[in-house]
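Heads up: the sequence lines are chains A and B, in that order.
Position 26 of the first sequence, counting from 1, maps to 26 under our numbering, and the rest follow consecutively.
Position 280 of the second sequence, counting from 1, maps to 280 under our numbering, and the rest follow consecutively.
A few of these clues could be false.
Here are the simulated distance ranges between beta carbons [what the hints assert, rightly or not]:
#1 B:A22 to A:A146: 19 to 29 Å
#2 B:M1 to A:R28: 33 to 43 Å
#3 B:G344 to A:D82: 54 to 64 Å
#4 B:A266 to A:N54: 47 to 57 Å
#5 B:F298 to A:F272: 49 to 59 Å
#6 B:F174 to A:E144: 52 to 62 Å
#7 B:T42 to A:R28: 56 to 66 Å
#8 B:G344 to A:E144: 47 to 57 Å
A short list of chain A residues far from chain B (calculated; beta carbon distances all over 10 Å) [said to hold, decoys possible]:
#9 V26
#10 A84
#11 M137
#12 E144
#13 R239
Computed footprint of chain B on chain A; a stretch qualifies when at least three of its residues, placed anywhere within it, have a C-beta under 8 Å from a C-beta of chain B [said to hold, decoys possible]:
#14 60–68
#15 106–113
No wet-lab data here; the hints were simulated from the structure.
Where a beta carbon is used, it is the ideal one built from N, C-alpha and C, also for glycine.
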Amino acid sequence: MSAVLPEKTDKAGERTEPVLVAEGLVKRFGNFTAVDHVSFRVDKGTIIGFLGPNGAGKSTIIRMLCGLLTPTEGRAFVSGTDVAKDPETVRQHIGYMSQKFSLYGDLTVMENLRFFGGIYRVPRKVLPERIRFAVTMAGLDGRENALVSTLAGGWKQRLALGCAILHRPPVLFLDEPTSGVDPESRRRFWDLIHALSGEGVTIVVSTHYMDEAEYCDLLALINRGQLLALESPTALKKRNLGGTLLSIECADIGKALHLLEGQPGLLDLAAFGNAVHALIDPARTTPEQLFALLSGAHVPVDHIVPIEPSIDDIFVRMVGEARESQEGEPGRRAG
Amino acid sequence: MFERIIRILVKELLEIRRDKWAMFRLIVPPLVQMLIFGYAATFEVYHVTTVILDRDHSQESRELISHFVASTRFNVVKIAATEREVRKEIDTGDATVGLTIQPRFAAFLLKGQPAPLQVVVDGTNSNTALIALGYVEQIAATFSANEGSDFAARIPGGIRARVETLSVEQRPWFNPNLDGRWFFVPGVVGTLSLILTVSLTASAVVREREIGTLEQIMVSPIRPYEFILGKTIPFFLIGFGETLLVAVFGVLWFRVPFVGNPFVLALGTSLFLLSTLGLGLLISTMVRTQQQAFGANFFVSNPMFTLSGFSFPIASMPEPMQWVTYLDPLRYYLVVIRATFLKGVGVSVLWPDLLAMALLGAGLLTLSTLRFRKALD
Chain A
1 MSAVLPEKTD
11 KAGERTEPVL
21 VAEGLVKRFG
31 NFTAVDHVSF
41 RVDKGTIIGF
51 LGPNGAGKST
61 IIRMLCGLLT
71 PTEGRAFVSG
81 TDVAKDPETV
91 RQHIGYMSQK
101 FSLYGDLTVM
111 ENLRFFGGIY
121 RVPRKVLPER
131 IRFAVTMAGL
141 DGRENALVST
151 LAGGWKQRLA
161 LGCAILHRPP
171 VLFLDEPTSG
181 VDPESRRRFW
191 DLIHALSGEG
201 VTIVVSTHYM
211 DEAEYCDLLA
221 LINRGQLLAL
231 ESPTALKKRN
241 LGGTLLSIEC
251 ADIGKALHLL
261 EGQPGLLDLA
271 AFGNAVHALI
281 DPARTTPEQL
291 FALLSGAHVP
301 VDHIVPIEPS
311 IDDIFVRMVG
321 EARESQEGEP
331 GRRAG
Chain B
1 MFERIIRILV
11 KELLEIRRDK
21 WAMFRLIVPP
31 LVQMLIFGYA
41 ATFEVYHVTT
51 VILDRDHSQE
61 SRELISHFVA
71 STRFNVVKIA
81 ATEREVRKEI
91 DTGDATVGLT
101 IQPRFAAFLL
111 KGQPAPLQVV
121 VDGTNSNTAL
131 IALGYVEQIA
141 ATFSANEGSD
151 FAARIPGGIR
161 ARVETLSVEQ
171 RPWFNPNLDG
181 RWFFVPGVVG
191 TLSLILTVSL
201 TASAVVRERE
211 IGTLEQIMVS
221 PIRPYEFILG
231 KTIPFFLIGF
241 GETLLVAVFG
251 VLWFRVPFVG
261 NPFVLALGTS
271 LFLLSTLGLG
281 LLISTMVRTQ
291 QQAFGANFFV
301 SNPMFTLSGF
311 SFPIASMPEP
321 MQWVTYLDPL
331 RYYLVVIRAT
341 FLKGVGVSVL
351 WPDLLAMALL
361 GAGLLTLSTL
371 RFRKALD
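Throw the hints in and build the complete structure from the sequences for me.
Spelled out as structure tokens, the structure:
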């Protein structure tokens, strides 16, 4: 699925209304600005991923969009309805799932589904069939009468998703839905998300797993309450970092970082696993020069190669740039 | 609307049923408390430890001492020889009351003059001290009445002293033997249902906040009042059943009479529960964890108990304190519960108390519903 940009039209050629609109959302808690003038539009069937470190404001934005928090400034619309003005209507059109997988541990799988079906006003006629679907989707066939507290994380997570979509909401908010779940379950979960998106459900998902970013149609990079970028992963990766990115694999990362720091032509520097990612200005320095520098200081270098920037690299660079423009000091970072 | 209220109600009852200890917690502690209160809580004073110093050594002084020895109210632990010994007994706590019969006690009596009897009492427990002093006076009064008539009889043909006596005929209504238990047991019913329903309601809502299901419910199209009704009805039923259990136990076990109309008590109980459920919900909107809810419940229940007139008479409180008691639903409920148990009066008498509870209940429930939405911000 490709990026859905706000100007796009649907198959019939008509201009589509964005399903989700944020206009200058601000949330302050006392003196602390958790969300700082965030605006965006999302079309039907899009998976938009909110990416950012913990405390960046991802959850706060999601909670404002589904009416759990009142924005200090700005407005949010879901399917054309103002969230602040008519929360009841909005709530019939949204599903929400938080990282807590909020289920009743002392109730069975069935009892949880019946309860949430009831409070989401799912018509009695279709409820059994919807429950059936949710059980199968979660992979819990035959375990309908198990207490939820006895289920492992992955099952709880899929059951929570099943509960959140019992009323077939056109918009689904998932707040760090994959935290604390094993990789296999994460993959299965994303398969479900893509299936829902294929059926036209608009999905807002927040995560701090950068690898999950690739699964989204649209990425919103959030840092310190601000929206740094809103693009498709492909577009984001084509962004010009303003130099060449080198991956330097060497024995002593700490020493290498120390040596490279402040070298002429070095724009940015960060540790990534067992390598150092260095952004250089090719006109001022070369990989060979860096290799010589490190080798000369008795840091053996295994590889030094130019690489395609990952979303991680882009994100770190953008956070660095944002900080530089705010604080006016040269970029320096350690991943 | 009903559909959703019933969903929550069913879920709530399922959760209680799943909890293996719930039934135990709901039934055993109230009954144990009832037993403890019924047996231990009494204002009556018996067997007050007493030390006596007789400095007269007359027939009359020995007779006075025998009155104290014979009384069940006093337990004469020592006949002291010196003032110092009396002091020591009181200091060590071995005696609460010290009586000193002064020299020439008999001589004064024979002359028909006031005879000196000194009473020292350990005032650290002011209540017991006060009551014990009352009993000392009673015994002294009986003694002097007897002596007075003796004295009159012994004057041969002389001036007959006209000893005027004023006899008080006691007739306590509604509790002829002034049995303290009759006063306490109905009060315990009210106090227990206060503590139980406030804490159950508060922790039931706060638990949902802790596990995150409250948030999940808030994003659903459910309206706050639907949630609150679904959440409070089960605890209303539990509170009602609890009151019934404790009340029936009090009547059968402690033989406290129930002379009133059970429907009036049921009405009073329902109105009282509105206040306690409202209070529990209000607490739940102000706290984040079950521990905080527990603390808040303690903070609220204790003053409510003190100000209710359960054991401390409201009429004796300073006036500003008395105004505060008007905000205490337990104050009104105790009136209703004692009146229905012991007096047998009905709505025509109790309507001001019933109305006050209805207003407090409506106020608390409205306030907590309003606070409920804002609680997440």
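So which of the earlier hints does this model not fit? none
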